[in-house]
Amino acid sequence: MAVSATSAPVPAPARFDFAKAEGNGIRDFLRTFAVAVRLGWQLEANWTDPLLFFIYSVAKPVSSALILVVMLEVIGGPSGRAFRPFVVVGSALWSFVVSGIAGLAFSILEDRERFRMLKYVYVSPSDFLTVLVGRGVARVGVGLAGAAITVAVGVVVLGVPFDLGSVNWPLFVTVFLLGLWSIVAVGLLMAGVVIQTRQESWSYPEAFAGALFLVAGAVFPLAVLPALVQVIGLLTPLSWWIAGIREALFPGGPGSIGGAGSVFAGAFGHAQPGPLEIVLALMATGAIATLGAVAVFRVSDRRAKQAGLYDRTTGS
Amino acid sequence: MPPLAIEVRGIRRVYSAKPAPVVALDRVDLHVAPGEFFGLLGPNGAGKTTLIKILTTLLLPSAGTARVFGFDVERDTKKIRRIMNMVAGGEQSGYGILTVREQLWMFTQFYGLAGGDGWRRVDELIEAVGLTEQRIQRVSTLSTGQRQKMNLARGLLNDPWILFLDEPTLGLDVSAARSLRELIVDWKRAVPGRTILLTTHYMAEADELCDRIAIVDHGRILAIGSPDELKRRVQRESIFRLELDHLDGGVATLVRLPGVVSASEAAGAIDAATRQTVVMNLVLEDDGVLGQVVGALARTGSEILGLRKSEPTLEDVFVELVGRGFAESDAEAAGKAG
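Chain order of the listed sequences is A and B. For what it's worth, the working numbering labels the leading residue of the first sequence as 1, then goes sequentially. For what it's worth, the working numbering labels the leading residue of the second sequence as 1001, then goes sequentially.
There could be a bad hint or two in this list.
What the hints assert, rightly or not - Computed spacing ranges between beta-carbons, pair by pair:
no.	chain 1	residue 1	chain 2	residue 2	range
1	A	ARG298	B	ARG1009	25 to 33 Å
2	A	ALA211	B	GLY1323	55 to 63 Å
3	B	ALA1331	A	PHE29	46 to 54 Å
4	A	ARG114	B	GLY1171	31 to 39 Å
5	B	GLY1116	A	VAL224	32 to 40 Å
6	A	VAL294	B	GLU1127	26 to 34 Å
7	B	PRO1312	A	ASN24	48 to 56 Å
8	B	ASP1228	A	ARG114	41 to 49 Å
9	B	VAL1014	A	GLN196	15 to 23 Å
10	A	PHE29	B	SER1062	45 to 53 Å
11	B	ARG1241	A	ARG114	52 to 60 Å
Keep in mind the hints are simulated off the structure, nothing from the lab. For each residue, glycine too, the CB sits at the ideal point set by N, CA and C.
Okay, chain B solo, but in the shape it has when bound (with noise of 0.2 Å):
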């Protein structure tokens, strides 16, 4: 049996910083298994970076033990350096001066592949993330979509077992950031067991591309689980949007039913002038009660015009951990760096 692909325990991580240190990781436990699509999700400054650098060597914990794929982080460097790769978001990098093929030959070398099959992988790479028209291009003179899609296959050339992407659509375009989640995605699909660790603040993304997902908040995880499973923490009942072509005896006509937690009419969806539709939100104790209602509004002679099941997001699940949204979270994070 392989270890995990991520095993991380009781790491801490604190920064020197005045008027007083800064704590970006406080004792956080993760275990993440091979062919996991992992994310980690949290606003700004919550300590998904730091998390991302320590794995990859780039940064030692303050303290704790972490491991990847059974190798530690601290002692065994250059072996983790061999099996895994990282790509980071938002940022311009990359040797202006170097083509495409050039950079991406150069790391083939660090990464210690023949010259003639690193030029063979940088060839297949280029073609896979769509830059065969740039591919003698300068780095200089390529967009930011572009760059990045230059800095995923430098993140593939040495076929990692574990692919680190901190905020990898970070600036991108709505195009651009859907074709990036494209490619990877088909590149973990194409081989069992590729393991992905993603850090993001974008909810839709890690609800997308996530088989599990830890929402972490200063520095530590508050909750880990598949989407479905984390946003089921936050849905104890069950929310419809109803629509009537009229309602006789109002909303207190369903809520005394068994099972109906509450009944009410959504603001600003009635039609005011005619009052031909009835728009309501109804929240029951669980799906079974459904039945009921619309039993008891054929009996009223309502007739339903439209009926639409409300899933929580992400974000519920973060407002409900954390107790405010990720927005006010960015802006508390800017406030502190400011």
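Excised from the complex, chain A in its bound form (with noise of 0.2 Å):
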């Protein structure tokens, strides 16, 4: 037996004002962001146990820096020590970019598998793709201070030639932020994918780092690797945030996206890019993986409201 419709409902005294379910535009927005990320770098960094921190932020890429110049040394001898600056720099930058493109994916994980919270951020009325990006910004903040250090133990103990009088700041700042922009990007594209996958998800943004290492330049340059990886390489924004750091910190050092009988120098005629080419280029790609995330992560937003995954825990 089905019955439709009511009974008759009890009337209700009161006026409602319905200026309440307006917003208040950029000011929720930064209202938002600013909380989410101190909600981030609460969770994040942890420093209930600052040992844990210490090991994740500082020790990891510090280490991982140490081996490759030892590997450097042992391989290449004296004449392998010009390319210090460009593996110390390639494994600080490389901790970074996996807390950037972690740290969104992460916080869905987090949300919803261990804190249960993540349908009640949802339905309140902020914006969800504010509160993810403030969570991985202060991720981002963790991984900067871990790439920071590992940087000045270059420069100290193993001797990197470092020049703060040298530096291209103008290149530095505007590479900088823009590869931010793009480690932002691609996790959320990370974040889009993560809402809809179950119990392996925690390793999927740390896998998805690993295969860009390998195209990006991180610890060797593209020249090294076939054709077609390199291409690939050419289209990620991080291959570029990399060379221009580089480039911004080692003015003339070696660099990573061209060198002789690469696909760069074949496509433009010149052995390494130049600052403005590494920035135009920057600004292209970064251009690309934002449309690409936000559209992903759009689609993945909607079928996640259309199965029910946003309170569904898998048990991970």
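Dock chain to chain to rebuild the complex, using the hints, since each chain is given by itself in its own frame.
Below, the structure written as structure tokens:
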């Protein structure tokens, strides 16, 4: 027996001010972003366990850099020392990249699987994308601390020749901000993926970052890769970001994009890209990555609402 | 005149599943007025939570339309989220590393309260729900009941026009559940027009709290009405439990009276050793017949030692509508899930 409609509802004496349903635009955005960064900082940095924080954020990239420098020393001997800045900067930046890419995805996974708060955040009037980006930025901040310390260790312990006076600061600031934007975009892409996935999701962001590690020129130049993989690297904003930071910190040092026989050199007629080319390429690839990430995230969000995934824990 | 708090028309929700899709809601229509305390009562898997998810913009319907205070759940999600809130039970949710104050303040920011106003609101609600002593305690150290009080406080942060409560007392002990129910009732009474949609499969909870109840099973609304209206659906006669010192001629004496539908000795109620009392269930066409029964008993010299009218429960209503009890329905749902 199915009964539709209703018996008589009880009349209500209250008056409702429908202005309550309207938002405050930019103020809401800023407030949401600020509190998301704060939450992310409290959760990700986890100051209750400083040793764990230190190991994850600092010791890991420092160790990676040391291992690579020792390998370089053994294989290349004294001639390999010219590549120390290349290796140290690449290692430092890569831990930063992993933090950024994993940050947004882990926010989804932690809130859904561990804290069981994802649905409450989602049904609040705050912009969900803003919350996620805020959480991700906090994690990037933690990664940034690790990267800075790794470079410092490279300079002090490994004797990487670093001169503050020769740093190309305009290039550094421009490339750094564009790169940060691109990292968050790639992180958003991963967040869109893990909304849909289940048990194994915790390893996806680092696996994805690991794949990019090979093609982004983090520890070896793209020129040593097959042509097709070089093309993939050239389409990745992270490759241009790392190249730009290297060029800004160590002007004229070994680059990762071009080189003799590289796809870049073949296409553009010179061995290494200049600062302007790096900035323009980073802007173009970053814009494509951002558009793609937002599109993937929006589709994933819609699909998650259709399938009821936002409050479905998967036991991972 | 304000729009309906909830207006649901022909909502259908189908989940993809193997071997066959699961119909969680099947052409549901529902109207809830502002100010109502409305209950969705049904066993596990009936579709109650699915309806709440749709109304709170967490899930899209497969077909049909749903509006909350006139706002469409698919198009006006932000507007709905500003005027409503939700609290679910039976889960250990919360950012364990934050204190109670920090967690609640964070949500005031998500709901657009200015910093100072947010802290004031948090402290008011912490006091209202009785968590003053735990206010700077980490969420991870709270008991289940305390955590649920904190969740209720979170649900009230934006002073919602409509509050969705999904099994809010699930997993709580009797005392904590009672305390939470009192908080909910006090909050609703404080301002006319506040609306609550409660899902529960605790009959007594729905009976105690709700102005109206919809009984839901297998994704369909089977009946809607006030608890009394629903009970009257199954109580077509008046049923009394009668205790006498003796009854000459047995129950046949009463069955012969006009308006008496049936009379039967209650099993196990008679003191077999002494036969000093007689206990019987008496079914009358209506309450007015009781006077004739009392008169007839007086004429036979029987003394009435006790008289109690039997009220049907919402469980009786459910059994009448569905043909099985809640426990059987829950077991059936668990079997399907397994």
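Inset, instruction - Starting from the range 46 to 54 Å, see whether the pair ALA1331 (chain B) and PHE29 (chain A) falls in it by beta-carbon distance. - result: Given range 46 to 54 Å: holds, Cβ gap about 49 Å.
Inset, instruction - Note whether the CB distance of ALA211 (chain A) and GLY1323 (chain B) lies within 55 to 63 Å or breaks it. - result: This hint holds: roughly 57 Å between Cβ atoms.
Inset, instruction - State, for the Cβ atoms of ARG298 (chain A) and ARG1009 (chain B), whether the hinted interval 25 to 33 Å holds or is violated. - result: Given a distance of about 28 Å, which is inside 25 to 33 Å, the answer is holds.
Legend entry - Range agreement (Cβ of ASN24 (chain A) with Cβ of PRO1312 (chain B), hint 48 to 56 Å): Check passed, 51 Å falls within 48 to 56 Å.
Inset, instruction - State, for the Cβ atoms of VAL294 (chain A) and GLU1127 (chain B), whether the hinted interval 26 to 34 Å holds or is violated. - result: With Cβ atoms ~43 Å apart, the hint is violated.
Inset, instruction - Indicate whether the distance between the beta carbons of ASP1228 (chain B) and ARG114 (chain A) respects the range 41 to 49 Å. - result: holds, 45 Å
Inset, instruction - With 32 to 40 Å as the target window, see if GLY1116 (chain B) and VAL224 (chain A) comply at their CB atoms. - result: violated, 58 Å
Legend entry - Verdict for VAL1014 (chain B), GLN196 (chain A) (Cβ pair) under range 15 to 23 Å: This hint holds: roughly 19 Å between Cβ atoms.
Inset, instruction - Using the beta carbons of ARG114 (chain A) and GLY1171 (chain B), state whether their distance is inside 31 to 39 Å or not. - result: violated, 19 Å
Inset, instruction - Just tell me: holds or violated, for the beta carbon distance of ARG1241 (chain B) and ARG114 (chain A) against 52 to 60 Å? - result: Between ARG1241 (chain B) and ARG114 (chain A), where Cβ atoms are some 54 Å apart, the hint holds.
Inset, instruction - Could you check the hint for me, namely that PHE29 (chain A) and SER1062 (chain B) are 45 to 53 Å apart, CB to CB? - result: violated, 33 Å
Going through the hint list in order, the structure does not satisfy hints 4, 5, 6, 10.
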